[in-house]
Amino acid sequence: MPERDISVPIFPRIGLVDDPAYGKIDIEQWLHMYEQMLKIHHFEESVNELYKTARMPGLAHLYSGEEAVAVGVCEALNPDDTITSTHRGHGHCLAKGAQVDRMFAELLGKAAGYCKGKGGSMHIADPETGNLGANAIVGGGGGIATGAALSAKMRGTNQVSVCFFGDGAMGQGVLYEVMNMAALWKLPIIYVCENNHYSEYTVTTEVNAGELRARPQAFGIPVEEVDGQDVRQVYTTAMRLVSAARRGEGPAFLICDTYRYYGHHVGDVNRTYYRPKEEEEAWRAQHDPIQLMGNWMCSAYSVQASLLDDIEQKVIAEITAGVEFAEKAPFPQLDEVDQDVYA
Amino acid sequence: MSTLETPTITTNVREITFSQAIREALAEEMRRDPTVFIIGEDVAEAGTPFKVLLGLVDEFGTQRVIDAPISEPGFCGMGVGAAMTGMRPVVDIMFGDFLGLVMDQIANQAAKIHYMSGGKLFVPIVFRTSLGATRRTGAQHSQSLQAWPSHIPGLKVVLPSTPYDAKGLMKTAIRDNNPVVFIEDKMLHQTKGPVPEGEYTLPIGIAEIKRSGDDITLVATSSMVQVALGAADRLASLGIHAEVIDPRTTTPLDTETLIRSAQKTGRAIVLDEGYQRYGVTAELAAVIADGAFYYLDAPVKRMGAMDVPVPFSPPLEDLTVPTIEKLTEMAKTLCGRA
Chain A
1 MPERDISVPI
11 FPRIGLVDDP
21 AYGKIDIEQW
31 LHMYEQMLKI
41 HHFEESVNEL
51 YKTARMPGLA
61 HLYSGEEAVA
71 VGVCEALNPD
81 DTITSTHRGH
91 GHCLAKGAQV
101 DRMFAELLGK
111 AAGYCKGKGG
121 SMHIADPETG
131 NLGANAIVGG
141 GGGIATGAAL
151 SAKMRGTNQV
161 SVCFFGDGAM
171 GQGVLYEVMN
181 MAALWKLPII
191 YVCENNHYSE
201 YTVTTEVNAG
211 ELRARPQAFG
221 IPVEEVDGQD
231 VRQVYTTAMR
241 LVSAARRGEG
251 PAFLICDTYR
261 YYGHHVGDVN
271 RTYYRPKEEE
281 EAWRAQHDPI
291 QLMGNWMCSA
301 YSVQASLLDD
311 IEQKVIAEIT
321 AGVEFAEKAP
331 FPQLDEVDQD
341 VYA
Chain B
344 MSTLETPTIT
354 TNVREITFSQ
364 AIREALAEEM
374 RRDPTVFIIG
384 EDVAEAGTPF
394 KVLLGLVDEF
404 GTQRVIDAPI
414 SEPGFCGMGV
424 GAAMTGMRPV
434 VDIMFGDFLG
444 LVMDQIANQA
454 AKIHYMSGGK
464 LFVPIVFRTS
474 LGATRRTGAQ
484 HSQSLQAWPS
494 HIPGLKVVLP
504 STPYDAKGLM
514 KTAIRDNNPV
524 VFIEDKMLHQ
534 TKGPVPEGEY
544 TLPIGIAEIK
554 RSGDDITLVA
564 TSSMVQVALG
574 AADRLASLGI
584 HAEVIDPRTT
594 TPLDTETLIR
604 SAQKTGRAIV
614 LDEGYQRYGV
624 TAELAAVIAD
634 GAFYYLDAPV
644 KRMGAMDVPV
654 PFSPPLEDLT
664 VPTIEKLTEM
674 AKTLCGRA
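Protein chains in written order, with the working numbering: chain A, 1 to 343; chain B, 344 to 681.
Don't read these hints as lab results, they were simulated from the structure. Keep in mind that this is a model prediction, so the values were computed, not measured. Using N, Cα and C, we set each Cβ at its ideal position, and we do this for glycine too. Hints are not guaranteed to be accurate.
Covered stretches of chain B, going by a simulated chain A footprint (3 or more residues, C-beta under 8 Å) [as the list claims (entries may be wrong)]:
{"hint": "1", "stretch": "415–426"}
{"hint": "2", "stretch": "449–460"}
{"hint": "3", "stretch": "463–472"}
Selected chain B positions facing chain A (in silico; Cβ < 8 Å) [as the list claims (entries may be wrong)]:
{"hint": "4", "residue": "380"}
{"hint": "5", "residue": "411"}
{"hint": "6", "residue": "412"}
{"hint": "7", "residue": "430"}
{"hint": "8", "residue": "497"}
{"hint": "9", "residue": "533"}
{"hint": "10", "residue": "536"}
{"hint": "11", "residue": "629"}
Take these sequences, add in the hints, and give me the full structure.
Following this line, the structure appears as structure tokens:
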């Protein structure tokens, strides 16, 4: 089988590509997206810390580095639009409007968690914010999200469905089955492929033949490819695709070129056998979505650095309070174990 | 238990086929509830290869009787998503053997979503599928895999054995807020029985005593109910009075009715067309052995399909399934009359 030469790193693109349209959007909206990205960033840093200090049961798959994807896409959605998320799902949940404290409570298996502690990191669902759930089966959200789009169309609600998944999910056949039906029936769904270049512990080019974009194109689904580290591009592209889907123009496929700062999960620490350190460092140093966005807002909107600091302090306080809430929260009563098996 | 099954409104009772009963249940529920829809392969104009759905598309149109591509995992998964967002899909999985294609959608998604979400999400979906050998269709179109979904917490599994049960249970399954796997014996589709016109429902989780007797209990599911009733006839001519019980649903299981009957008769044989090893019969037998131990005069016996892939050649295929003859012999032996 072919092997990747890891002495050839996957480097990020250099800088951001500007579009005059970005500057026409209200700064408050960009600041909101900046805050949401920071929230995800600090949330995930805390999750990693909880894991390393053995205060969190099990494992978690960190979204660090990919913040602009979830935030840019969810910013383009209405509150009642639905999403499905993945094992690497904290970012999607937060971006769709979940609260930090109940998220942490779920990660610690506490009764106050979004799923009463029964779901855990990979299964956070929150129908109130349109989140139909993270999924621990790679590509597992494909059927659900496409079914939600079918349902929206049948009920005539004008809702759009978003299916988040990674490049690893491109190996799952069910995704092609549902894309076929979404295209045939012009369903209001956006397939968002977060291409972080790694399928768990394997570089994706080693296991995916041909061009990624050619696959949805085979069904006649329009494909857009964006810099997933540039929240401006993700957001404006998502807006366009979501509007088209809402108008009844059918599905779209959005590829976001992004990067996973940490390993497949928090325990995947020694990973130089499948990707070089210099590659990770390059993405963090040169193409971090939060850093890039902060710099751009300072130059394009003359935002003061102190304002960005204030936002960060506010986010850190919220995260700290969330962790504290979750750690103090009680576990579920033991008689909860066989509740909710059946409705 | 039998009082629960009597329709409260006395309506015209006709003799119709099992297929017609299913179709009638679907049509009534689709008229009653606009969120009910059907999706699957060849469900619209073709009405499925078994013709069970024939005519539904004429009344409800292709927007509610949806022909899907040959993509069972895809349309099962879409059914799950639609169910989570306000619809009540009836997903058609043509052959029970194709459960092998869709178990992720059924067992990992549909069955667990309510629990994993802490009770906030609901998956009101019916997966209609089939079971049964002796149609000479070979190893991949003949299996009776009801043990698979019965094993998974979060699923309900319905196995109707008469047109009357089929209609009443299908209507209940559609109204249930949980995923229900509804399995029809292909050999039963053309059999006839009395079915009331119009509205009635049957509860999920209640067994029916199909025939009363004091000497031995025969518990049989789906296709095996007719085998048990046939054996009961032969046993009666020998002076052995068999009680025949149809659990009608394997999950939830009406353990009380099974145990009470075995306590009364002191002998039990359980019968199911699934593979015997680790099958539905194992669970039913364990329930009776546990609950009626002090009343039993003999070990609980079970009879399932032979543990081989279903062969094509007719004389070989016929060897693999329980028959009236085999059951009668086993019952006679158990009653000391062999």
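A quick look at each hint next to the structure:
1. 415–426: holds (count 11)
2. 449–460: holds (count 7)
3. 463–472: Coverage by chain A holds here, the residue count being 4 at a Cβ distance below 8 Å.
4. 380: 7 Å, holds
5. 411: Holds, about 7 Å.
6. 412: 6 Å, holds
7. 430: Given a least distance of 5 Å, the restraint on residue 430/B holds.
8. 497: Holds. Min distance 6 Å.
9. 533: 32 Å, violated
10. 536: 30 Å, violated
11. 629: Hint violated; residue 629/B Cβ to chain A Cβ min 20 Å, cut 8 Å.
Comparing the model with each earlier hint shows violations of hints 9, 10 and 11; every other hint is respected.
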